[in-house]
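Chemist: Top to bottom, those sequences are chains A and B. Residue numbers 1 to 249, in our numbering, belong to the letters of the first sequence in order. Residue numbers 1 to 249, in our numbering, belong to the letters of the second sequence in order.
Calculated directly from the structure, the hints in this document are not laboratory data. A virtual CB, placed ideally from N, CA and C, is assigned to each residue, including glycine. Possibly wrong hints are sitting among the right ones.
[Unchecked claim] Distance ranges between label pairs, derived from CB positions:
| hint | chain 1 | residue 1 | chain 2 | residue 2 | range |
| --- | --- | --- | --- | --- | --- |
| 1 | A | Asp-121 | B | Lys-155 | 45 to 51 Å |
| 2 | A | Glu-149 | B | Asn-139 | 57 to 63 Å |
| 3 | A | Asp-108 | B | Ser-233 | 32 to 38 Å |
| 4 | B | Pro-227 | A | Asp-229 | 42 to 48 Å |
| 5 | B | His-68 | A | Leu-232 | 32 to 38 Å |
| 6 | A | Asp-108 | B | Pro-227 | 24 to 30 Å |
| 7 | B | His-68 | A | Thr-188 | 38 to 44 Å |
| 8 | A | Asp-229 | B | Met-136 | 19 to 25 Å |
| 9 | A | Gln-241 | B | Met-136 | 56 to 62 Å |
| 10 | B | Phe-144 | A | Asp-189 | 42 to 48 Å |
| 11 | B | Gly-181 | A | Gly-177 | 43 to 49 Å |
| 12 | A | Met-136 | B | Asp-121 | 23 to 29 Å |
| 13 | B | His-212 | A | Ile-54 | 39 to 45 Å |
| 14 | B | Leu-232 | A | Arg-243 | 31 to 37 Å |
Protein chains: 2
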Amino acid sequence: MAGNVQDVIMCLGDSLTQKGWSEGGLIQRLSEAYIRKLDVLNRGFGGYQTDWAIQVLEQIFAKQHEQHHAPKVQLLTIWYGANDAAVDGDSQHVPVNRFKSNLKQMIDMIRSPASSWYSPDTRIVLITPPPVNTDMWNNHTRDFDRTREYAEAVKEVAQETQLPVLDTWTALYDAAGRTMGGCSNFLTDGLHLNSAGYEIIYGLLINAIAEHYPEIHCDKLQNVFIPWDQVLSGDPRITLQKRNALVNR
Amino acid sequence: MAGNVQDVIMCLGDSLTQKGWSEGGLIQRLSEAYIRKLDVLNRGFGGYQTDWAIQVLEQIFAKQHEQHHAPKVQLLTIWYGANDAAVDGDSQHVPVNRFKSNLKQMIDMIRSPASSWYSPDTRIVLITPPPVNTDMWNNHTRDFDRTREYAEAVKEVAQETQLPVLDTWTALYDAAGRTMGGCSNFLTDGLHLNSAGYEIIYGLLINAIAEHYPEIHCDKLQNVFIPWDQVLSGDPRITLQKRNALVNR
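Okay, chain A solo, but in the shape it has when bound:
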């Protein structure tokens, strides 16, 4: 059984998160940056939207009475909208007002002292959906302007809740020369991201951490177990005690 050795970054989302283990994906990049410091838990569920995400979050986030046995979530990323923005009548569609209230409900689960899942030490970053290229996507379930509307909705929630947000929609659209066609440089199929798309989003995330939560920037943390060339050969046991990644040397 795995002991709770490292605190974690939990990435909650849909397929854009799930596919983040791919080469050059967001989670792959993040895991490499935080190696030996924080574990990264990929909690991306392809196809899911926020109605379903709430019920998942209730099961994957430890309740208060379980938390002293569970790895501390130092950072939670919440990245939805790509499926909520499916067109009316699609089973994945969530109307934009309910999408916003769902996001706020998830945030309240973590931040409200009255919540069973209250975790005051957990920092939160919201992420907007990126732009879609409907010429590339193989069905008619997505709409360019609709997805932009959901990206705006995430930014509104971020403002109302005073949380950092990664505006991936604008960052990728700008990098694409502000044309839908240009977005193909960052997408595999019109909806999902390639390595170049993830690279931009990873950069936004690291910058947001540096700005809003500098104490958990990867460069500010120490390895939980000491670098090998600092192990004392005379008495290695003393130097090989696990440490808190957040306590700097």
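Mind docking chain B on chain A? Use the hints.
Modeler: Structure of chain B alone, referenced to chain A:
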């Protein structure tokens, strides 16, 4: 705090494991294959050898009385030798007989009912060090034949303990046309693996799982949370209960 939602694969080792988060690395490939089924914990510590690994394992593997609160380790990979095989007098060097007894001690920690870390449900796979290319490596701390000796030692331990072993030394040397120079196709610096090297080792691991532990092959497991197109729109809560990845539909 992160609830214990998914069981885990724990990869214990040195820099060859630590660097497995890189694009095309062993851990990246494994994480992608087991997405939504098992979490992969990278417990690679660059520069470490087996003397130090024992003391790390004591701290990162849950003791019996902690195990009901900890994620179950369905698979443990143990991959050492690359540093133990450093030349005599180097601080990383561990004599081959002690290397073997260290490996056996780690295995006993998990398999012996008398051990505080006894975990009868944890499957173990041993991994040999790959060949080195001393012309590429930037110092004289490694020796081609010495590393082969440590690879043989891992295979002997596997035989004595009746555990599966990935003979990465032979697999890469064969793929290199059985020349040290040819090994450069699979190494970045003479000691560490590139994506092509990791690809071979990933293949060995998946094959070993299929042969020895088929019940945890990625294709035999189910998603902990149901695929989105099976969520019942009428009553999503029923279908969104987390499941055991090992219980097939």
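Chemist: Which hint numbers doesn't this structure obey?
Modeler: 3, 9, 12, 14
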